[in-house]
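Asks: Here is how the chains run, residue by residue.
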Amino acid sequence: MANIISDETIEYVGILAKLELSEEEKEQAKKDMGSMLDYIDKLNELDTSAVEPMSHVFPVHNIFREDVVVNGDDRENILKNAPEQKDGSFEVPKTVE
Amino acid sequence: MSKQYETVIGLEVHVELATKTKIFCSCSTEFGGAPNTHTCPVCTGMPGSLPVLNKQVVEYAIAVGLATNCTITQNCKFDRKNYFYPDNPQNYQISQLYLPICRNGSVEIETEEGKKSIGIHEIHMEEDAGKLIHDDWDDCSLVDFNRSGVPLIEIVSEPDMRSAEEVIAYLEKLRMIIQYLGASDCKLNEGSMRADVNLSVRELGAEEFGTRTEMKNLNSFKAIARAIESERERQIDLLESGEEVIQETRRWDDTKEYSYAMRSKEDAQDYRYFPDPDLVPVVISDEWLEEVRKRQPELRDEKMARYAKEYEIPEYDISIITSSKHLADIFEETVAICNNPKKVSNWLMVETMRLLKEHDMEPEDIRFSPANLAKLIELAESKVINSSVAKEVFEKVFDEDINPEEYVEKHGLKAVNDEGALRATIEKIVEANPQSVEDYRNGKKKAIGFLVGQTMKEMKGKADPGMINQILTDILEG
Ligand SMILES: [Zn+2]
Numbered sequence: 001m002a003n004i005i006s007d008e009t010i011e012y013v014g015i016l017a018k019l020e021l022s023e024e025e026k027e028q029a030k031k032d033m034g035s036m037l038d039y040i041d042k043l044n045e046l047d048t049s050a051v052e053p054m055s056h057v058f059p060v061h062n063i064f065r066e067d068v069v070v071n072g073d074d075r076e077n078i079l080k081n082a083p084e085q086k087d088g089s090f091e092v093p094k095t096v097e
Numbered sequence: 098m099s100k101q102y103e104t105v106i107g108l109e110v111h112v113e114l115a116t117k118t119k120i121f122c123s124c125s126t127e128f129g130g131a132p133n134t135h136t137c138p139v140c141t142g143m144p145g146s147l148p149v150l151n152k153q154v155v156e157y158a159i160a161v162g163l164a165t166n167c168t169i170t171q172n173c174k175f176d177r178k179n180y181f182y183p184d185n186p187q188n189y190q191i192s193q194l195y196l197p198i199c200r201n202g203s204v205e206i207e208t209e210e211g212k213k214s215i216g217i218h219e220i221h222m223e224e225d226a227g228k229l230i231h232d233d234w235d236d237c238s239l240v241d242f243n244r245s246g247v248p249l250i251e252i253v254s255e256p257d258m259r260s261a262e263e264v265i266a267y268l269e270k271l272r273m274i275i276q277y278l279g280a281s282d283c284k285l286n287e288g289s290m291r292a293d294v295n296l297s298v299r300e301l302g303a304e305e306f307g308t309r310t311e312m313k314n315l316n317s318f319k320a321i322a323r324a325i326e327s328e329r330e331r332q333i334d335l336l337e338s339g340e341e342v343i344q345e346t347r348r349w350d351d352t353k354e355y356s357y358a359m360r361s362k363e364d365a366q367d368y369r370y371f372p373d374p375d376l377v378p379v380v381i382s383d384e385w386l387e388e389v390r391k392r393q394p395e396l397r398d399e400k401m402a403r404y405a406k407e408y409e410i411p412e413y414d415i416s417i418i419t420s421s422k423h424l425a426d427i428f429e430e431t432v433a434i435c436n437n438p439k440k441v442s443n444w445l446m447v448e449t450m451r452l453l454k455e456h457d458m459e460p461e462d463i464r465f466s467p468a469n470l471a472k473l474i475e476l477a478e479s480k481v482i483n484s485s486v487a488k489e490v491f492e493k494v495f496d497e498d499i500n501p502e503e504y505v506e507k508h509g510l511k512a513v514n515d516e517g518a519l520r521a522t523i524e525k526i527v528e529a530n531p532q533s534v535e536d537y538r539n540g541k542k543k544a545i546g547f548l549v550g551q552t553m554k555e556m557k558g559k560a561d562p563g564m565i566n567q568i569l570t571d572i573l574e575g
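Residue numbers (my numbering), protein chains in the order written: chain R, 1 to 97; chain C, 98 to 575.
In short, the hints are calculated from the structure, not lab data. Since this is a predicted model, take the numbers as computed values, not measurements. Accuracy of the hints is not assured; some may be wrong.
[Unchecked claim] Think about it this way: if two alpha-carbon atoms lie no more than 25 angstroms apart in a straight line, the pair counts; the simulated DSS-like pairs of lysine-lysine are:
(1) Lys178/C / Lys94/R
(2) Lys94/R / Lys559/C
(3) Lys228/C / Lys86/R
(4) Lys80/R / Lys228/C
(5) Lys94/R / Lys313/C
Bound conformation, chain C alone (with noise of 0.2 angstroms):
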């Protein structure tokens, strides 16, 4: 009989905090900005130049911690991990080695099995590198460093994971903790949230650990799932060939759905850390640390008990709207203004997410507002257009966030509820295709379907289905 192995898994996550300034110098950390635009001397590694901290790091860091049921260290401080590489200006990365701002929490995760608590080692601050781009024509690299100095934290789990299914569970977990609490938007295909994937294997009910391997550049969950199933294979082979797994870092290349290892023996890993002696110490008195808990928000959990409670809405609706942030808020600010929960519920549900699979867009990237949502939803239900036009306007309203008053005034779209115009219309259809009219009358009540049809064509799409289907109905009957 062959091995029987486990899979280990521990994971080393960096979120992009979202704050306006970096973290030691008062740049913008706005995206996309030219090359080297929101630089200084600090975070471009000038000699003289000092870093302050930015506050807001300290407090989104404490917010963070205190959601995944952290520790924090009321005394934490900054270290120095050295190394050489051209997007690090300073030549050292200013990171927590000795006292990370938060140690000793847990998530709670739903597996297949029920409930499991993923721990989490530790978080510290840090800052975020810059960006290099290889320019093959002049064969050099060019540096940006826009990214440098952006504040990040680390999250780093205990290796309680025992495969793909669980290491997204946690992820999606602490995604939705940092972005109920505004700490980031956490998006892994604009890499700020990265996740780097210590992984080792064991024979079943082996104690000891296997030796790890850590894989990075995983951009998203499927690649992260497919690169976790890679390396397990990868290192099974290994075992059963009778060699030995090297502990490395890999790099996952998603295309090819493989990985190479990124470094050699000879750039040994000695980053040499000590406390940076241009930091002071951060001191996270009890009454700090009060503040910031009482400004916790609702977290998920919470808001799908009280949606439970407050809205009738199926607990299948509950899960997907509260899985995003931005989708509740949406959410509970178009019910604010329209008080239908159920039909808000369904435009978010079929409408919304149809498109944004469509489009190959996040809920986050949702950008129309609630009051459109509302107003649509208060035209269709008044019965001032008709269902087909409420999604087509929905489509515009989803795309440009236009005011769907205004739309479907303007483009003559409300609906027919003249019964004498309709029935009028109706009859001159019915007049012009006798075939089908006879094939209802044989028992062919499908034709009924063609009828509708060509009444609603003649109206251009602007009569209500069910008012043409009763006349219809009326007419041939009759």
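In isolation and in its complexed conformation, chain R is listed as follows (with noise of 0.2 angstroms):
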């Protein structure tokens, strides 16, 4: 393997995604990262330089929406998503800034 995933990178990729894990999962990860670098090395070795970048699929654009208002008030249904609610608002851990 080319790529060599530290123990530093992992720890911060963990940080960001918001997720905790064990050592062996950590060490499971550092594998799996690598062998993705890896293959986007691969990808690399091809010349795109002429090559507008391509975020879509399909050759579709402008999909858009008139400004009017369709949507009513459907609180009672959105809340049922919320794990907890309170004052017919989403109940979250506090945070603070």
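Both chains are sitting in their own frames, so use the hints and assemble them into the complex.
Replies: Laid out in structure tokens, this is it:
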């Protein structure tokens, strides 16, 4: 494997993804990520300098919606998705800035 | 000699667009609804929901871009900005990083040294987040997603400003342009316009920029000015004592006039942007661009020039009246009815401004109709009511948009223009106040004021002060 993922990197990626990994999982993730990067390196061998970067698979553009209110108050149903609710709101663990 | 420092400021301005619906779903953007009553699976980030772009958002963004001399990116797209926070239900915000809709613009501001051009690096479209309310009782936070998905444009300036005055002039200019376009009401105090200040200091004459900080939570022009002054001082103090400025985001507390660092280093800001696969590219054809260009309304600079030509009102009045699109609209509509620009201007400049100040309101908050102001002006000009009654009635127009004709009729406020009746009253007053009469005749001309006052009181404020004066002088001198 050409790409070696360091402990710091896996730690950092874990923080960004809000994941807590066990030592075993970390080792496995390091291996997986290394081989993914190897594959990207392989792709990078292709000369794509003359190719427009593609962000969508379909050659479609300009899908718009007119500015008209269609949705009404559907709070009751929306809040069914909340793990906890209070006073018409989603209740979450306390956040402090 | 102590070192001289220069402040370098760039601004990130978020503006809430005045669309009826959110940027990616058909929920209402109306302000003040009960929590989560303007939500759907899209703006609460439910799995499987798909965003569909509101065309009006693109049109407003193009309009602002054109009015700020930007190049419009005719092939633009949306990207995901990834971060975790409970007000962001998708765990990413849809924004534009790689191909923002507008680039390389500028606006001109007036400074003490003359005109100055402030560069606009880019303008991009994005969605607003939800609102978090902290519940101390239950030690939890409550999320209201009514604002989630409300369309924003973020206007990123170049670091071209050097003082709080320039920053405020730039913000005023942006606000004016955007209000005139009808793209937003741009109220800082209500959050429909928000400015983050990027500031660094460097020794005067230095080529390199210093390390900058970003200041958030600035809700008024005054707060912005204070925050800039405070941050400039803080950075200079650090440099003077041999310390370094740390690149960080700081939150301004306007009541304490102090800022503090918001995020620790552990929360690295690594947003891992990538193109949003749920949204197809936006292609803006030449024809579409031309359509928007043709629809651009008269902006402030053009309006000022036209007023100077069309109406005989002072330049100062023109600058005040056109400083708010809403005020300018009221002016034009009222003049269209009563055809008296000078008087309309006076009522707006004097009484309206006084009442706005008294109520701590902005011109945008004016709710009276041009028709009622026009009626009031006609009543005053034709002397149906005297000037002090007119002011009194205007307050009612200002507060409740009453119909002045009906109000004057109902409360019996018509001026007494019957000279005979007035003369009889004055004679009675003169007779009852021999001391004042004697004072007047002995050269104390001021004594007439008391007699005018007494007469006005007797007439319940409805007489014409000029007429009272005239009759009184007649009698006293006679
Ligand atoms: Zn929605």
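Asks: State for each hint whether it applies.
Replies: A quick look at each hint next to the structure:
| no. | hint | verdict |
| --- | --- | --- |
| 1 | Lys178/C / Lys94/R | holds, 23 angstroms |
| 2 | Lys94/R / Lys559/C | violated, 63 angstroms |
| 3 | Lys228/C / Lys86/R | holds, 14 angstroms |
| 4 | Lys80/R / Lys228/C | holds, 19 angstroms |
| 5 | Lys94/R / Lys313/C | holds, 21 angstroms |
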